[in-house]
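With the hints as your guide, set chain S onto chain E.
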Amino acid sequence: MKNRILIVDDSFYMRTMLKNMLTDAGYEVVGEAANGQQALEMAAQTTPDLITLDVILPDNTGLDVLKGIRQDQPDVKVVMCSAVGQEVIVNEALESGATAYIVKPFSEEKVLEIVGSALQGSDSTEA
Amino acid sequence: MKSREQEYREIFMAEALEYYDAMSRHISELERNPTDEAALNELFRLMHNLKSNSRAMGYTQIGEAAHHMETIFGLIRSKEMTFTGLVVPVLFRGVDTIGEMIRAVGEGAELPDISQLITNLDRLVQGEEPILEDDSDEDDEDANRKLELSDLVYIQIKKLDHLLNLVGELIIDRDRVLTLSREIGNPALATAAAHFSRIADELQYSVMDARLVNVGSLLNKFPRVVRDVATAEKKDVELTIVGEDIQIDRNILQIITDALLHLVRNAVGHGLETPADRLAAGKSAQGHLTLSAQTQRDEVLLQVVDDGRGINVGNVRRKAIERGLVSQEVAANLDDDAVRAFLFEPGFSMAKEVTEISGRGVGLDVVKLAIDSLGGQLRVDSVLGEGTTFTLVLPTSIAVKGALLFELDARSYAIPLMHTDSVVSLQPTDFHVVGGLLMSRVQDENVPVVPLRNLLHNGDGPLPPAVKGELTGRQDIIIVNYSNRKLGLIVDRFLRQQDIVIKPMSKPLDTIDLFGGVTLLGSGQVCLVLDVPALTRLFLAKRP
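First to last, the protein sequences are chains E and S. At position 114 of the first sequence (counting the first as 1) the number is 114 in the UniProt record's numbering, and the numbers step up by one without a gap. At position 315 of the second sequence (counting the first as 1) the number is 315 in the UniProt record's numbering, and the numbers step up by one without a gap.
So here's chain E without its partners, still in its complex pose (with noise of 0.2 Å):
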């Protein structure tokens, strides 16, 4: 069965890209979410096996979302998306639960080596 990702970020390029990515190499899809309150809510209701989360969000700090992901859906993948310089912010986003993380201008390779590998954890643990 393919895997079902929901895509967390406040830039509609960086969506379309990441979807693009993902989808090209056999992945679903299962949502785009811009801002943290809609990230909450599509986690909850989609159920995604991984979610890419972007670091700085418009309403809530993606830290923020992360945490409240993690109360709900402890065993969902959480992949951050951040940039140069968000070495403190990943570090603790690392500390509260995140699977692993891309750093942008992100490369596809890069991109599916994470999110395959993410998702290889949660195989091999459930097995």
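These aren't lab readings, by the way, just hints derived from the structure by calculation. Computed from a prediction, not measured in an experiment: that's the story for all the values here. Hints may contain errors.
Using C-beta positions, here's what the derived DEER-type ranges look like [to be verified]:
{"id": "1", "chain 1": "S", "residue 1": "189", "chain 2": "E", "residue 2": "37", "range": "50 to 60 Å"}
{"id": "2", "chain 1": "E", "residue 1": "117", "chain 2": "S", "residue 2": "314", "range": "47 to 57 Å"}
{"id": "3", "chain 1": "E", "residue 1": "37", "chain 2": "S", "residue 2": "33", "range": "18 to 28 Å"}
{"id": "4", "chain 1": "S", "residue 1": "176", "chain 2": "E", "residue 2": "37", "range": "41 to 51 Å"}
{"id": "5", "chain 1": "E", "residue 1": "73", "chain 2": "S", "residue 2": "29", "range": "33 to 43 Å"}
{"id": "6", "chain 1": "E", "residue 1": "70", "chain 2": "S", "residue 2": "298", "range": "50 to 60 Å"}
{"id": "7", "chain 1": "S", "residue 1": "245", "chain 2": "E", "residue 2": "109", "range": "21 to 31 Å"}
{"id": "8", "chain 1": "S", "residue 1": "33", "chain 2": "E", "residue 2": "117", "range": "42 to 52 Å"}
{"id": "9", "chain 1": "E", "residue 1": "91", "chain 2": "S", "residue 2": "123", "range": "27 to 37 Å"}
Below, simulated EDC-like cross-link-like pairs (lysine to aspartate or glutamate); rule was C-alpha separation at most 16 Å, straight line [stated by the list, open to error]:
{"id": "10", "chain 1": "S", "residue 1": "221", "chain 2": "E", "residue 2": "28"}
{"id": "11", "chain 1": "S", "residue 1": "79", "chain 2": "S", "residue 2": "36"}
{"id": "12", "chain 1": "S", "residue 1": "503", "chain 2": "S", "residue 2": "173"}
{"id": "13", "chain 1": "E", "residue 1": "67", "chain 2": "E", "residue 2": "41"}
{"id": "14", "chain 1": "S", "residue 1": "503", "chain 2": "S", "residue 2": "169"}
{"id": "15", "chain 1": "E", "residue 1": "19", "chain 2": "S", "residue 2": "7"}
{"id": "16", "chain 1": "S", "residue 1": "221", "chain 2": "E", "residue 2": "24"}
{"id": "17", "chain 1": "S", "residue 1": "542", "chain 2": "S", "residue 2": "460"}
{"id": "18", "chain 1": "E", "residue 1": "19", "chain 2": "S", "residue 2": "5"}
{"id": "19", "chain 1": "S", "residue 1": "468", "chain 2": "S", "residue 2": "430"}
{"id": "20", "chain 1": "E", "residue 1": "2", "chain 2": "S", "residue 2": "228"}
{"id": "21", "chain 1": "E", "residue 1": "2", "chain 2": "E", "residue 2": "24"}
All C-beta atoms in this analysis are idealised placements derived from N, C-alpha and C, irrespective of residue type, glycine included.
Same frame as chain E, now just chain S:
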């Protein structure tokens, strides 16, 4: 691939200009209230997004400027700096420069020099005074600054659907107005009506055009599907995609997505042989699959072509007789096209015999239903041992369909052109009777012909056997085509060809499945639209 680059560029530009507008707004808010945290957070976020997006697009200069600006807004946010004094003009200048760069990228022009801006931003970070030029002439420039809006809007398909429905209504009124103006015969009214009609036509095509997307947006998803199925089935498949630029209505593409997926999976899973089988059959080890799109008149042809084992017509014929779909006697006379059409019958599967013959037919009825719902056509051609081609004939647009209008018993009917093969007028001597059925030779093919009146008004019983000599005079016949089967319908009189808007029938008439809906003619008359698939099925069930 190039079109995707283009798509990214357009989205980048639209969003960057949006960001620029928001930055201008927020920095003005910040000037009024230097502690406005919401404005500050937004400026930081927008700079951050612009930086990431610009770098991803390879616009390093915009990325560089946005990065430096983001740093300063970050410092102000963490209270290490305040939005006062010389910081204010430098940051305003920075936002303006970013706007200029975005516009320059959009126009393909040379980017402005940003070295001074970067130097000043660096000096601010290090707590040094920025070097400000005398910008008295820049004030002029600022005052004359043009306001730029994005060239691109995103629109929900729902809104376009609504627009298309309204256009459909308008087309009906257009015909009504034209008819009235002819009846009234006032020259001024005629001119106005003609003008109105031209505008309505143009509006119709513009709205239809706004809904078009490249077929490539669907076809380009298939390399991955083919790879996965091929790997699972241990096949070696080379996929070729042709005609990605062909355009089609977005909703049509949506509706056929599953159907196409099904056909491609079938082609790889059942149509193409394993490398060993192919070599044994004297073929290349690698199977070939082609997905192609082309336009033909107002229709889009999508084809799934494989060079696999093909469909064994003999086996399909046997299976159809076994399942009681057709009598042995009739089956013997059916040509290959008509036999292959049984593959589209509900539940008709060759899957159990997959080891001995092709496993085509798995759920093909579902594919057929999807295509029928669009008023499209599904055809299958195959040469045993050489391969199979599935052809989807699709309308480019949903709402307006070309139709042939005809008269029967003083009533008007319409039949979609999609299902109309040809129209012929024949003399009684052109017919012969075979097994109680009228047959005629049309374009080198034997086509069964039936008076439409008998089909529509004959109750539940079978059709009365045809008798030679019951027909007198010239007969107007519409040859319809559905599922590789041709059928001639005798009508009273052909009227004309016309674009119609099909509206669903209201209750309780919606249960009469011989009619796909109704349309209103310019005269205000209601005209029933015949559903050719249903009509063909009825004919097959009632044939003598």
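Quiz item: For this structure, which hints from the list above don't hold up?
Solution: Violated hints: none at all, because every hint is consistent with the structure.
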